[in-house]
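Can you build the whole structure from these sequences, using the hints too?
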Amino acid sequence: MSRLNPINKKARKVEQMIVAASGDVEALQKKSKANPGRIYYPMGCTLNFTPGWEVDNSGGTAGLCQPVERDLFDCYLGCGWPAQVPDHLNNAPDWTDKCAAATNDWRNVDIVFP
Amino acid sequence: MSAVADVMPSVAYRPAEAHAFRAADAEFLYLVPSGAIFRMEGLGKEIVDRLRQSEMLRGEILAYFSNRGHDPDEIDATIDELDQAEVLTSERSKPPAPVVPLQSFPLQRVVLNVTNQCNLACTYCYEYSADRIAQQDGKPKYMSADVAESAVEMLIKESAGREGLHVTFFGGETLLNFPVMRSTVEYARRRVAELGKRIEFSLTTNATLLTEEIVDFLSEHRIGVTVSIDGDQELNDKMRVFHDGRGSYSVIAPKIKDLLKRHRTNSIGARVTLTSQVSDVKRIYRHLTTELGFDSVGFSPATASPDRLYHIGSQKMDNILDSFAELAWEYRDYAVAGRQHGFTNVSDTLKELNAGTNKAYPCGAGVGLLGVGTAGDVSLCHRFVDSPVGKMGHVKDGGVNHQARGEFLSTHHIGARYDCHTCWARPVCSGGCFHEAYIHYGETSAANLHYCDWIRGWNDLCLQILGEISVRNPSFLERFDN
Numbered sequence: 063m064s065r066l067n068p069i070n071k072k073a074r075k076v077e078q079m080i081v082a083a084s085g086d087v088e089a090l091q092k093k094s095k096a097n098p099g100r101i102y103y104p105m106g107c108t109l110n111f112t113p114g115w116e117v118d119n120s121g122g123t124a125g126l127c128q129p130v131e132r133d134l135f136d137c138y139l140g141c142g143w144p145a146q147v148p149d150h151l152n153n154a155p156d157w158t159d160k161c162a163a164a165t166n167d168w169r170n171v172d173i174v175f176p
Numbered sequence: 032m033s034a035v036a037d038v039m040p041s042v043a044y045r046p047a048e049a050h051a052f053r054a055a056d057a058e059f060l061y062l063v064p065s066g067a068i069f070r071m072e073g074l075g076k077e078i079v080d081r082l083r084q085s086e087m088l089r090g091e092i093l094a095y096f097s098n099r100g101h102d103p104d105e106i107d108a109t110i111d112e113l114d115q116a117e118v119l120t121s122e123r124s125k126p127p128a129p130v131v132p133l134q135s136f137p138l139q140r141v142v143l144n145v146t147n148q149c150n151l152a153c154t155y156c157y158e159y160s161a162d163r164i165a166q167q168d169g170k171p172k173y174m175s176a177d178v179a180e181s182a183v184e185m186l187i188k189e190s191a192g193r194e195g196l197h198v199t200f201f202g203g204e205t206l207l208n209f210p211v212m213r214s215t216v217e218y219a220r221r222r223v224a225e226l227g228k229r230i231e232f233s234l235t236t237n238a239t240l241l242t243e244e245i246v247d248f249l250s251e252h253r254i255g256v257t258v259s260i261d262g263d264q265e266l267n268d269k270m271r272v273f274h275d276g277r278g279s280y281s282v283i284a285p286k287i288k289d290l291l292k293r294h295r296t297n298s299i300g301a302r303v304t305l306t307s308q309v310s311d312v313k314r315i316y317r318h319l320t321t322e323l324g325f326d327s328v329g330f331s332p333a334t335a336s337p338d339r340l341y342h343i344g345s346q347k348m349d350n351i352l353d354s355f356a357e358l359a360w361e362y363r364d365y366a367v368a369g370r371q372h373g374f375t376n377v378s379d380t381l382k383e384l385n386a387g388t389n390k391a392y393p394c395g396a397g398v399g400l401l402g403v404g405t406a407g408d409v410s411l412c413h414r415f416v417d418s419p420v421g422k423m424g425h426v427k428d429g430g431v432n433h434q435a436r437g438e439f440l441s442t443h444h445i446g447a448r449y450d451c452h453t454c455w456a457r458p459v460c461s462g463g464c465f466h467e468a469y470i471h472y473g474e475t476s477a478a479n480l481h482y483c484d485w486i487r488g489w490n491d492l493c494l495q496i497l498g499e500i501s502v503r504n505p506s507f508l509e510r511f512d513n
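Here the protein sequences come in this chain order: A and B.
Numbering-wise (the working numbering), the first sequence opens with residue 63 and increments by one.
Numbering-wise (the working numbering), the second sequence opens with residue 32 and increments by one.
The hints are simulated quantities; they were obtained by calculation from the structure and are not laboratory data.
Since the structure is predicted, the reported quantities are computational estimates derived from the model, not experimental observations.
Ideal Cβ placement from N, Cα and C applies to all residues, glycine included.
Be aware that one or more of the hints could be misleading.
Claimed, not checked - Partial pick of chain B residues on the chain A-facing surface, computed with a CB cut under 7 angstroms:
| id | residue |
| --- | --- |
| 1 | PRO64 |
| 2 | GLY66 |
| 3 | ALA67 |
| 4 | ARG70 |
| 5 | THR109 |
| 6 | GLU112 |
| 7 | GLN115 |
| 8 | ALA116 |
| 9 | ASN385 |
| 10 | GLY387 |
This is how it looks when you write it as structure tokens:
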């Protein structure tokens, strides 16, 4: 939604165009409520340069200091940034179909082969 | 801070071209040329109000409103949105979009003047009055079925991918040639059925020749009817008379009642021609709706040279606008209450304003619509049939003359009507009727400057009505969305 109040069809089209043109990677632009003025990053986001959920020193994910599943939906759904999780929009829309609650069902989230 | 502000803090902004109006205690902007309408409130309204006094640099706007307690990020985002919506303009606003020449314009409607004869002799008629432009010497009085069928074939051929086609029957008095109208409807129905297209029909008539058989036919084929009538007996009979001078009202009133009673399959509207003697809009509307039973009534001033007695002078036009306004506010009251009102001048304008129409041409003439005369000559529209102006081919001899049509469209585009370039009403008016211009100025391409105040007054009124409905009963506007 924009700050405009369209009242005819043309104005609604103009508004849609503006919203579409300004659409961006929303997750990385959200303002943090806890720290006003600062941008909200998903926890464990690769942009934070934390040892996130790439791979551990053995090439797997078991030894990471943060579990891969923690940010599953932040990255998979909310963030359009190219991250090391399958993307929800185009390539893996049903990746988490068997994972109703990440804390319980994270083992059902499988590897995706492109 | 947005990227724009960081890079270009010294861009100067001012309000873009728009018509501001108030309704229901709110302020609105009708943007030109887009035709978009926004309700202005909050910071956006404050910014536009401030910039009306003088243009300001982006940095100045930020400082001005920050000092008044607004969040800088919010100011930034608001300026960006106002800029993108073209509420504001700046030296770095987008360059105007290139004009795309019309490459293909599939035909949607033909108007068949099935006869140039009429059993009435209305004083103001543009086909017979002193202002007539048609030259009917050597043309048949009645269109033959063969010519009418060729016109249908031309419509089908020129309609390209269009699914829905339309044929309007016109005259003269159309029903003087009812046999050809009937055979053409049947022919056209058969042809479009073969092609999987749809077709609709409409008819304009003075109602004097309506019979039970004709009404049944109109009803069976769902033919939309426009009845020319100017009000009650006293008003109608001032101009709408037979050749011997008798008024037509007493003949048509019972026939119209019968038509309205038995033909329920399509709309039947009344079309009133206003003149200096017949201009009591409310009285006419009341009579036609409550006495005769019409659901919809449209009014139009007679096209006439200024020296005709029945021509409506500018003083009288102002009075007519006042009486239009009175009836239009009644429409507003009905709309707010969710009821339908039959004053079609309002509903037609609201439909265009709601869509945000931005026209390159004032009407469909020459674009999606062409007129056909009794001999098969194709012309700009029904008003130019058989005149030396606006000729665009022949239904049997090659159909539409695309070169003539293309030349007409390139010289009559709104871009070529320079008088209109500073007018806020140009998205809906686009210079006005080609025929009106020709009668008044001798040039189809002239802008109808004698109507400018009227057009702006009328559109301002309808914008106020639209604004008020949008506040008090917004769901009413949904009926204009399709």
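Going down the list of hints, with the structure as the test:
1. With a cut of 7 angstroms, the hint placing PRO64/B at the interface with chain A is violated, because the nearest CB-to-CB distance is about 11 angstroms.
2. Hint status for GLY66/B relative to chain A: holds, with the closest Cβ pair at about 5 angstroms, below 7 angstroms.
3. A cut of 7 angstroms between beta carbons decides the hint on ALA67/B: the least distance to chain A is about 4 angstroms, and the hint holds.
4. For ARG70/B, the interface hint holds, since its Cβ comes within 7 angstroms of a Cβ in chain A; the closest pair sits about 4 angstroms apart.
5. With a cut of 7 angstroms, the hint placing THR109/B at the interface with chain A holds, because the nearest CB-to-CB distance is about 5 angstroms.
6. A hinted interface residue such as GLU112/B counts as satisfied when its beta carbon comes closer than 7 angstroms to some beta carbon of chain A; here the least separation is about 5 angstroms, so the hint holds.
7. For GLN115/B, the interface hint holds, the least distance from its beta-carbon to any beta-carbon of chain A being 5 angstroms, beneath 7 angstroms.
8. The beta carbon of ALA116/B comes within 5 angstroms of a beta carbon in chain A, closer than 7 angstroms, and the hint placing it at the interface holds.
9. Hint on ASN385/B holds. Least Cβ distance to chain A is approximately 5 angstroms, under the 7 angstroms limit.
10. Contact between GLY387/B and chain A, as hinted, is supported at the beta carbon level, the nearest pair being about 2 angstroms apart and thus within 7 angstroms.
Hint 1 alone, counting from the list given before, is not met by this structure.
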